[in-house]
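Enquirer: Given the coordinates of chain A, assemble chain W onto it according to the supplied hints.
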Amino acid sequence: MAVTHRGRSSRSSGFGLGVAMFLPAVLYVLLLVGVPFGMAFFYAFSDARIGSGGENFVGFDNFASILESQSFRTALKNSFIFTISSQILVLTGSTALALALKDKFRGRGFVRFLILLPWVAPISLGAIGWKWILDSIYSVVNWVLIALHLVKPFDKPMWLGEPVLAMISVIVVHTWRLLPFSTVILLAGLTAIPRDIPEAAAVDGAGFWRTLFEITLPMLRPILNVAMLFGIIFTFTDMIVVYVMTAGGPYDSTQVLPSLAFFTGIQGSDLAAGAAISIFLVPLLVVVAYFMLRVAHRAEVT
Amino acid sequence: MAIVETRAVTKVFKAGTLGAVNDVDLVTAEGEFLVFLGPSGSGKTTLLRMIAGLEAPTSGDILIGGEVVNDLTPRERRIAMVFQSYALYPHLTVYKNIAFPLKAQGVPRDQHRKKVEWAAGLLGIGQLLERKPRELSGGERQRVAVARAIVREPSVFLLDEPLSNLDAKLRASARAELEQFHRRVGTTTIYVTHDQVEAMAMGDRIVVLHKGVVRQIGTPKQVYDDPADTFVATFLGSPPMNLLENGDVIVGFRPEHLVPAAQAPSAAIKLTLKIHNLEYLGSEWIVYGTAVDGGGKPEGERASDKTIISRLPTANLTIGASHEFAVAEQHLRFFDKATEKRAPARALSWP
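Residue numbers (this note's numbering), protein chains in the order written: chain A, 1 to 302; chain W, 303 to 653.
Looking at chain A on its own, in the form it has when it is part of the complex (with noise of 0.2 Å):
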């Protein structure tokens, strides 16, 4: 009776002490994001403007309309060429810089910290930096290039003036910044391949090449999966690297959902079409959860 009746007890006071430990982690996610995931679609389908009184439903009417503004159609196309440019950029590079990383050498500990440096900066800092760098007028990128004869002094490129310029800066700056990240997680999947595999390798006479494409990459697979899926989530839903460099700028050409959303909700004070700008979002980043878990699993199985 009494080994029962303990028995019970320390079941229901764990189960009170599991509610406390969860708990705020359950208040955090209902607070900072179900509330204003909530109030998004709540404003995506009302007539919200900052300031005005009293909201009206009015269908999906704000959505018939951002679907019909060219800005909107611009920063959809751009957040897929932000993407997918930065993903390409972020994947080939942390997998180079992993394999570089992964083999001794003398300094190999401060050459990770130097690459790690990015990740822990504050991004506004970073972004500012390479405002500072792409400058129109102080620009050291083209200090060098006029002090190596690459380019004319009077016609020098504007990195951050030039449409297509624009895009490829705030793309490499975003490489930049997700570089770090990308090349800690391959870096341990690096490590987690048994040493004899790549021997075994080497003993049945694949070179570099081959070992690298037809043994290491297919192991490293899962763990690139994970990185490259971060990576579209970090990306697709980030901001502040065309907030700070371009605004969006030159005419919407470095625009993203994320900023149109928030230069039209907050700047241009239409919460309703900023709402209905960022749920469209919602599907993409449903889409790349799902994959992600998916992985998640996968990785905790096999």
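Hint data in this document are derived by calculation from the structure and do not stem from the laboratory.
What you are looking at is a predicted structure, and each value in this text was computed from that prediction instead of being measured.
Hints may contain errors.
What the hints assert, rightly or not - Here are some of the chain W residues that sit facing chain A, going by a computed Cβ distance under 7 Å:
1) ALA354
2) ALA358
3) GLY368
4) VAL370
5) LEU374
6) PRO376
7) ARG377
8) SER387
9) TYR391
10) HIS393
11) TYR397
12) PHE402
13) GLN407
14) PRO410
Backbone N, C-alpha and C define an ideal beta-carbon position, used for all residues, glycine too.
Expert: Structure of chain W alone, referenced to chain A:
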């Protein structure tokens, strides 16, 4: 097929420390099955990895087929290796695992299937070709690893403890298979193991290694019957050789040669053992005792707690009692007390 030779091969991992492999000289015979035997940390795997080209020797030369291969990659050495973990490629099917060396070495694609099927057939894994390594048992994985190694008909075959991941029963049958297999293909083979039974059963010759130094190279019979030093004497044989100090020599004899006094009329050594343990192993008895009279040592230097072991087909002994044992003269082996190396036979000052 080729002869493997090492000349004064040394491997030092950390400058200033003792090498993992020190000054190893050895030559295989054509088609020989050579076993590297030693306890863990003896340098046997390092030596094998240097022959494979996975580790560069600090000094000395490695020759395969008469040619110095120090600067050649594993690929250029035309060797095949089976790893202790098997190192199968987990994302490839058995077929693709076995075909990988063919692909990597540029064998024309139309010959792949024939060769893979030949290798798989030789090892009896023809029905597993479409499976992934994780769907195989330990024994099947080991066979796939061997098949992958032989498929391109290498000149030298290196095996690093390929049976150590198998359970005891499977190990015995896999061992017999490997022996038959070697007889059939006749490729020069170097086999690393810490298991003396494997070494004795499989090796044409055994290289006994200890702390990176070759202690003895010889046929199983030579290393067992005529050990070069006390390390070889005690490392081979289970239970190990009994060693007793006598004056400036160490005298050794195998447990199976220590028999009840009545069975050895012309005995060179007589011992009265106080039995403190008896083990019945089915086909034999292992008798543990201590010498009542001090094991031939003069009074004063007697280490009476030294355990002396006897191995007998039958035993009618009781624990706690004392019994007379003896060893015939031809079974005695002598070692120098200072160097622990083999010494010529001599008269004993046995009481």
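Enquirer: Provide an ascending list of the numbers of those earlier hints which the structure does not satisfy.
Expert: 2, 3, 4, 5, 11 and 14
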